[in-house]
Amino acid sequence: MWDKFAEQKIKTIFLQYPYAADFFTLLPDVTSYRESTLREYFLGLTDEELVDSGQERAALIEQFVSFMMQMEQFKKNDDKIESITIVGGKNKKGQPENIKLMMCPGEIICIVGPTGSGKSRLLADIEWLAQKDTPTQRQILINGKVPAVNMRFAVEHKLVAQLSQNMNFIMDLTVTEFVTMHAESRMLEDASKITAKIIAKANELAGEPFSPETPVTALSGGQSRALMIADTAYLSSSPIVLIDEIENAGIDRQRALDLLIDRQKIVLMATHDPILALSGDKRLVIKNGGIYKILATTLAEHENLTVLTAWDRRLSAIRDLLRSGEAIDELPDYFAKATRKKWVAS
Amino acid sequence: MKLVTVAGPPSSGKTSVILSIIKALRKENLKLGVVKFDCLSTQDKDLYEKNQVPVKTGISGNLCPDHFFVTNIEDCIAWAASEQLDMLISESAGLCNRCSPYMRGVMAVCVIDNLSGVNSPRKIGPMLKLADVVIVTKGDIVSQAEREVFAFRVKQTNPGAVIVYINGITGQGAEEVSSLLKTAQAIETLSGYNLRFSMPAAVCSYCLGQTQVGVEYQMGSVRKIDLS
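Those protein sequences? They're chains A and B, same order as listed. Under numbering that gives the first Met the number 0, read the first sequence as residues 0 to 345, first letter to last. Under numbering that gives the first Met the number 0, read the second sequence as residues 0 to 227, first letter to last.
Because the hints were derived from the structure by calculation, they are not lab data. Each hint should be verified, as a subset may be incorrect.
EDC-like, lysine to aspartate or glutamate: derived pairs with alpha carbons at most 20 angstroms apart [stated by the list, open to error]:
1. Lys223(B) to Asp46(A)
2. Lys75(A) to Glu176(A)
3. Lys122(B) to Asp28(A)
4. Lys22(B) to Asp74(B)
5. Lys118(A) to Asp139(B)
6. Lys181(B) to Asp21(A)
7. Lys223(B) to Asp132(A)
8. Lys22(B) to Asp132(A)
9. Lys122(B) to Glu48(A)
10. Lys223(B) to Glu48(A)
11. Lys26(B) to Asp132(A)
12. Lys49(B) to Glu82(B)
13. Lys122(B) to Glu47(A)
14. Lys122(B) to Glu55(A)
15. Lys122(B) to Asp21(A)
16. Lys75(A) to Glu183(A)
17. Lys118(A) to Asp272(A)
18. Lys122(B) to Asp171(A)
19. Lys8(A) to Glu47(A)
20. Lys79(A) to Asp328(A)
Predicted, not measured: the structure shown is a model, and the values here were computed from it.
So that you can see chain A by itself, here it is in the shape it has in the complex (with noise of 0.2 angstroms):
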């Protein structure tokens, strides 16, 4: 690799590959080589100027020619994942799961269960993609098969985005330059028209719109979650979607569900909110450290998702009373109205 590059005028590597300038932050100023060749610039720089910037001339091309293949791996486009499979182990008791579940681009897989209940063992076991060798034995197929080995620490390859509650952007920049650098890094080559569509989506999962000039340190808690969401759904690489508690996030949760869904992720959500939870297509219960049951969603549980939203809707009509100021004196109707009719089908 180091043949095709060493004669090339650094302009041209520019030129063909825009990320090779990533490689030369690190280095003296390379604006004043752009006619010379690869390797006349590194011969050209002295012993001081590759101390200074903590590089030793033996080890330089095989840095770059490691950082080019390694851009090449970020840009291309691997086999797209198709299904998730997870093979039950056994629990903290020692009690085997008996479980096979196939998760596909598109599904929401919420996740119920007393906290320490073994939530997070289960992320870590899809995240470092077991293979019978973490404590709960379980494995991780991908497309029905065995990943390779590799998969396990190539950056590129991460399985699960992360949303929850905890999280806060710290850095200094606009929204705007916020989802540029991170379509850069994902290397788009439309990354303005991205960051655009992704500012847009925010905006309509955001209880009170912002504009792409706000710092993101500046956004509300909804407007945070909101960009995170959208963000998310474009941008990030990884199939699979983790949510944590976004019940109580102040964002259109149904739209946001419907924006991750329609971006074909894996929606695995932790909730015990009645509505989110029945939304989704399956329910993991989740008990001592294992895979207890797996729920599908049943046709009764459809039609009391309607009922419980319909609910939802009047405790939200009470809530945005009481944010306008107003008195409860009196409840509507039906809320006085409201019987003990069987509403949970089983």
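Given chain A, work out where chain B should sit, using these hints.
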């Protein structure tokens, strides 16, 4: 005995990471010890002792911490051997971002945290660039986007490294990383080993205790900023 050198900027979570790895490896009945290098003072010794980890600390004081490291590590190995450890982990804080206590043939681990910002991988020199394993911490509190950009930049800086994540608070990820550390090379002595990168040169009048400011007191290896 195996030796692993761990380095990383101050407060990146080195001690928490090492402790969670030790806990994971103990389950396999391996005996681990730590030697902690620091500059002024360290409370980490108490933390290790509280967890029954054999530990020694070295305070470099007014010496360059890296030079202090390399002139002491062999003695530490002798200590570790006398303690009959299966693995010795050396922990040192990179203070000038130029530090790199790594040696060829000895597993080198760099710990950096997401909170230091997406530009930090570019600012940390050989300590990150020449590591075999990069452990990224504090991933649970920044956005997914920042995590991804951070990992991308680490990979740009050190394409050959294995990048792994550990949550220093919960220890999540430690079991996975400990399986990597187990592959560290066994050593008996470091005699004849080479540093992966030269250490910062520092032989000027101030290294020798000069306190007065002014041109006439600047002697030895002195360099000026280009302000033109």
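Pair hint Lys79(A) and Asp328(A), alpha-carbon separation not exceeding 20 angstroms: Violated, at about 57 angstroms.
Taking only the CA atoms, is the gap from Lys26(B) to Asp132(A) under or equal to 20 angstroms? Roughly 14 angstroms separates the two Cα atoms, so the pair holds.
Decide if the proposed pair is consistent with the structure: Lys122(B) and Asp171(A), CA atoms, cutoff 20 angstroms inclusive. Within the cut-off at roughly 17 angstroms; holds.
Quickly compare the C-alpha distance for Lys223(B) and Asp132(A) to 20 angstroms and report which way the hint goes. violated (56 angstroms)
20 angstroms Cα cutoff - pair Lys122(B), Asp28(A): The hint holds at about 16 angstroms.
Against the 20 angstroms threshold, does the CA-CA distance of Lys122(B) and Glu55(A) hold or violate the hint? Distance of about 17 angstroms is within 20 angstroms: holds.
Please work out if Lys122(B) and Asp21(A) have their alpha carbons no farther apart than 20 angstroms. At roughly 13 angstroms apart (the allowed maximum being 20 angstroms), Asp21(A) and Lys122(B) satisfy the hint.
Restraint check for Lys118(A) with Asp272(A), where alpha carbons must lie at most 20 angstroms apart: Judged against 20 angstroms, a Cα distance of about 16 angstroms means the pair holds.
Within a Cα-Cα threshold of 20 angstroms, do Lys181(B) and Asp21(A) meet the stated pairing? violated (34 angstroms)
Taking 20 angstroms as the top limit, are the C-alpha atoms of Lys75(A) and Glu183(A) close enough? holds (14 angstroms)
Pairwise hint evaluation, Glu47(A) against Lys122(B), where the allowed Cα distance is 20 angstroms at most: holds (18 angstroms)
Would the hint linking Lys22(B) and Asp74(B) be met if the CA-CA limit is 20 angstroms? violated (25 angstroms)
Checked against the numbered hints above, the structure breaks hints 2, 4, 6, 7, 19 and 20 and satisfies the rest.
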